[in-house]
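All chains, please: the whole structure from these sequences, using the hints.
Residue numbers (the working numbering), protein chains in the order written: chain A, 10 to 460; chain B, 10 to 460.
Hints are computed from structural coordinates only; laboratory data are not their basis.
Keep in mind it's a predicted model, so treat the numbers as computed, not measured.
Certain hints may be false.
Same chains, same names: a pair is fine if it fits in one copy or spans any two.
[What the hints assert, rightly or not] Below, in silico cross-link-like pairs of lysine-lysine (DSS-like), each with a Cα-Cα straight-line distance of 27 Å or less:
(1) K425 x K16
(2) K130 x K200
(3) K200 x K158
(4) K191 x K217
(5) K236 x K16
(6) K191 x K130
Protein chains: 2
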Amino acid sequence: MSVDLSKDFLEQLEIDLAQRQFTAYEELLHEGHPADLAEIMERLDFDLALVLYEQLDDEVGAEVLMELDEEMRSKILVDYSGQEIATELIDNLDSDDAADLINELDETQRREVLENIEDQKQAMDIARLLIYPEGTAGSLMGTEMIKVKDHWKVLECVREMRKQAEEIETVHAIYVVNEANKLLGTLSLKKLLTTSTRTPISEVYSQKVEFVEVSTEAEEVANVMQKYDLVVMPVVDPIGHLVGRITIDDVIDFIRDEAKEDYNLASGLTEEVEAHDSILSITRARLPWLLIGLFGGLLAASVIGRYDTDIGAIPQLAFFIPLIAAMGGNVGVQSSAIIVQGLASQALAENTTINRLVKELGVALVNGAILSVLIVGASLFLGYGMPLALTVSVSLFAVIVVAALIGTFVPLVLDKYKIDPALATGPFITTLNDILGLFLYFQIGRLILGI
Amino acid sequence: MSVDLSKDFLEQLEIDLAQRQFTAYEELLHEGHPADLAEIMERLDFDLALVLYEQLDDEVGAEVLMELDEEMRSKILVDYSGQEIATELIDNLDSDDAADLINELDETQRREVLENIEDQKQAMDIARLLIYPEGTAGSLMGTEMIKVKDHWKVLECVREMRKQAEEIETVHAIYVVNEANKLLGTLSLKKLLTTSTRTPISEVYSQKVEFVEVSTEAEEVANVMQKYDLVVMPVVDPIGHLVGRITIDDVIDFIRDEAKEDYNLASGLTEEVEAHDSILSITRARLPWLLIGLFGGLLAASVIGRYDTDIGAIPQLAFFIPLIAAMGGNVGVQSSAIIVQGLASQALAENTTINRLVKELGVALVNGAILSVLIVGASLFLGYGMPLALTVSVSLFAVIVVAALIGTFVPLVLDKYKIDPALATGPFITTLNDILGLFLYFQIGRLILGI
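Following this line, the structure appears as structure tokens:
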């Protein structure tokens, strides 16, 4: 079922491709799934991948191209003229994929492609899709779908569906529109199968239909489709005309990418990396956060430096530096993570910033109280003496409260200014909390220890 | 389109429910989407939610129940007898939901329910689904699907589909099996619509079909469905008999839950929390990681304690404690995160542990070299003097290498022992790296500074 990606297979394939020996791969080339072929191509040397690609039929080739990562796709497209892209690729793609492909081209190539699409309706459909800004329902939708008119009879409907189905790969839903193309509802396959052919569509279609507008944000689209378990959802223009449909596979990709991005930010990676990427590109993804960490560390050093005489007098003060720094960081990230998830699922919609901060303060006070009591006990038990135990305990409490408030406030502010709130879970907040925490610690130390 | 969840609406609803005034909510109660009704119920006082729930028709009620979170569902089910669950709920659910519901009951209730399901075939289907362990394809699948035999003609097929469709809500795919119920392929709706009614199915069905076995892990199911953009996928037993189908909505829930779990672990939350949960349950999710952090901080304090005379002699040594600790933690989490993602997408399948460690070592050496050079420069510039600059630089290099190796090794080992590798991104690794890093730092300090 799954395709062979073993080292042996790939090595043999490279040898055969280099010698232009394709006989052993007839089945793979003509029956293989585009996703499998793309996966194989990505594992090969680029030149040999190109040899493989050139053996594919136009239709399969176009789909394989869309499954490749963007970098490889653009390397392949360099050798294409606008005319070739239009006739060999665009013609074999669904409108949403076609629009995505064209969006990746440069200005000149783009115009050349659009001018060379023969089917005028297709060219118009694609041109229209290119208008929608990235991240909106319009940019995710395709125009291939089955539409029937409400005044038709079931028989007419089947006949029309048959005609439309010729051009559509999979039929997910049948949309019912009026003469002006306003979306009225859906007709289930079940109803179509179980109704007499003379029944008018208007009597059997369902008016319950979830839809989004072209300008709806992708995140909202994902939430609606997930909530209602939809496989496909119609998209309408601002006055209710049916203009496209979004299929769940595009939404899944979106959901996965978003989750990955948040996860990467939380774990200190600035770009998407995969374990089999090169050492250089993994380094590139990791270095920026580490540089911020380094800078933060130097700042922390200068904060501590202001208290060097205190440390000289009571070296034990230094023992708890990691504890204070780590706890500030942890609490801040926790707070931010809850906000980031809440913003993504729009569960925070009814909450004001003040509400959130008050609640977070509550959580921080509870956590802070528990941990402060524990640390006093532990410090005394370990023989650090009451003054130091008290210093650590009081500053821990203060750090937890401050870190929680910052961790809550920053992602909310970022979100307000349309910046990805997940940035807050990265090293900025942690570093900020580290430094603030140390400052609080030493100041409280001065007060309590009377240095 | 979306349902009204405003404070005003909910407050009015609570008042009306308390007075058993339902007239204003006829449409919501009878036409509302189960997902919306569930969302509303979750926002109400439990007693009033129950009043609302009791107004629902059995069929809608059963679906609403499955949309609620598990805690609320079990509170509602307490008042049900096994017989009621069987006739009012199970009868109105798809087999996969029915099995999930039964799985949540205790032993006695479970038996009572199974004995009271009237439809013998349904009872058998569900009993069979209960066997599959959680996290396998078998546990995700439902048994409702349209099957046709390969020796039928298209006409027969449509007639049979019509019969089967009566019992199925949405038709996603038509599966072709032989007389012995072995999965042979799929019949596309398009083919069905565009072929003469006298054509035998065997001539028009497609043998290309992606499927999984009942024992396939959910993660693999999710990967296959995503890779091939499938909306529904058939499930076969070990000898190829068609036993069920998995729909994409169940897989999306799985994907989302997994992503959330990883994200929570990486940000120090032990259980799923939402921003609108109570202060107590948010605290419960956050305290465990903070306690580990606290414990780690105390350990770090005792490590530093071993070097108190060194700090007494050179207080500046303490300045760089946060830098060393933070960098160790950051590098470790980055390394682990890459492994965790690689394991999830199975991109690491061909890689041995040794390969991974060697590559990670490469990345660490590059990062370490760059950052060490930078820190020497920065430290000298800031006037810390060569011996200290050298100490910080050498130990930073050592910490980065050690943290990277630990961050790579631990998730791989966890995975080998079937423990969630994402645990490695939590505070364990960070704490371990903090402590090891500090130990390295002070030891190297002794060597270089000659204390």
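How the hints compare with the structure:
no., hint, verdict
1, K425 x K16, "between (49 Å within a copy, 22 Å between copies)"
2, K130 x K200, "between (31 Å within a copy, 25 Å between copies)"
3, K200 x K158, "both (15 Å within a copy, 22 Å between copies)"
4, K191 x K217, "within (14 Å within a copy, 37 Å between copies)"
5, K236 x K16, "between (42 Å within a copy, 21 Å between copies)"
6, K191 x K130, "within (19 Å within a copy, 43 Å between copies)"
In summary, this structure violates none of the numbered hints.
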